[in-house]
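2 protein chains.
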Amino acid sequence: MHSYKARITVTLRPSILDPQGKAAHRALTNLGFSTVQEVRVGKVVEMVLHEPSLEAARAAAEAACQKLLANPVMEDYAVTVRRVPEIAAAS
Amino acid sequence: MHSYKARITVTLRPSILDPQGKAAHRALTNLGFSTVQEVRVGKVVEMVLHEPSLEAARAAAEAACQKLLANPVMEDYAVTVRRVPEIAAAS
Chain P
107 MHSYKARITV
117 TLRPSILDPQ
127 GKAAHRALTN
137 LGFSTVQEVR
147 VGKVVEMVLH
157 EPSLEAARAA
167 AEAACQKLLA
177 NPVMEDYAVT
187 VRRVPEIAAA
197 S
Chain L
107 MHSYKARITV
117 TLRPSILDPQ
127 GKAAHRALTN
137 LGFSTVQEVR
147 VGKVVEMVLH
157 EPSLEAARAA
167 AEAACQKLLA
177 NPVMEDYAVT
187 VRRVPEIAAA
197 S
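For the protein sequence lines, the chains are P and L, in the order given. Here the first sequence stands for residues 107 to 197, where the numbers follow the working numbering. Here the second sequence stands for residues 107 to 197, where the numbers follow the working numbering.
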């Protein structure tokens, strides 16, 4: 078993209104950031997995997105996985 | 002026407890994802900026992090910027 780190980015689909992004955009404009055209806010989930292979780690991360982390009706997700040095499980 | 897309990832510092990550970890364990060792949840902010250069776009995105998007006491952030085709500002 090896350690892999999966980074999962979950973003609202482009057709879905993003009030948090709108609020951030307005706040940035009020702070003088006049070059900002659009802001969208999503979440990022970083997972450490012990799996036998990169492919297995990717499959587990994708399954986690589909079952728990993303709402497929409203959200898109992207997964990147890389191998990391063996580390003890964090508390 | 060109269009740039900045992707800003804001994560809790490693020393800061992440209850959202803990909850996701527990839920994944309950769903049978036994290989997951650690989960941390952060946010991702995607911004479209009109700036004269990549350097200017990066500087604006970094400034936005420091002034609004990240809490430097509790959070780390990372910024990546890439040029994108000219697009009209989204509504």
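Simulated from the structure, these hints should not be mistaken for laboratory data. Certain hints may be false.
As the list makes no split between identical chains, a pair holds if one copy fits it or if it spans any two.
[Stated by the list, open to error] Lysine-lysine pairs mimicking DSS-like chemistry, simulated, CA-CA at most 27 Å apart:
1) Lys-111 x Lys-173
2) Lys-111 x Lys-128
3) Lys-111 x Lys-149
4) Lys-149 x Lys-173
5) Lys-128 x Lys-149
Bear in mind the structure is a predicted one, so any value in this text is a computation, not a measurement.
Do the hints match the structure? See the list:
Only within a single protomer do Lys-111 and Lys-173 lie at most 27 Å apart by alpha-carbon distance; the minimum there is 19 Å, versus 30 Å between protomers. Taking the shortest Cα distances, Lys-111 and Lys-128 sit within 27 Å of each other only across copies (16 Å), while inside one copy they are farther apart (31 Å). For the homomeric pair Lys-111 and Lys-149, the shortest alpha-carbon distances inside one copy (16 Å) and between copies (17 Å) are both at most 27 Å. Taking the closest pair of Cα atoms, Lys-149 and Lys-173 come within 27 Å of each other both inside a single copy (16 Å) and across two copies (20 Å).
Proximity of Lys-128 to Lys-149 under the C-alpha cut-off of 27 Å is found in both arrangements, the shortest distances being 16 Å within a copy and 15 Å between copies.
The structure meets every hint from the earlier list without exception.
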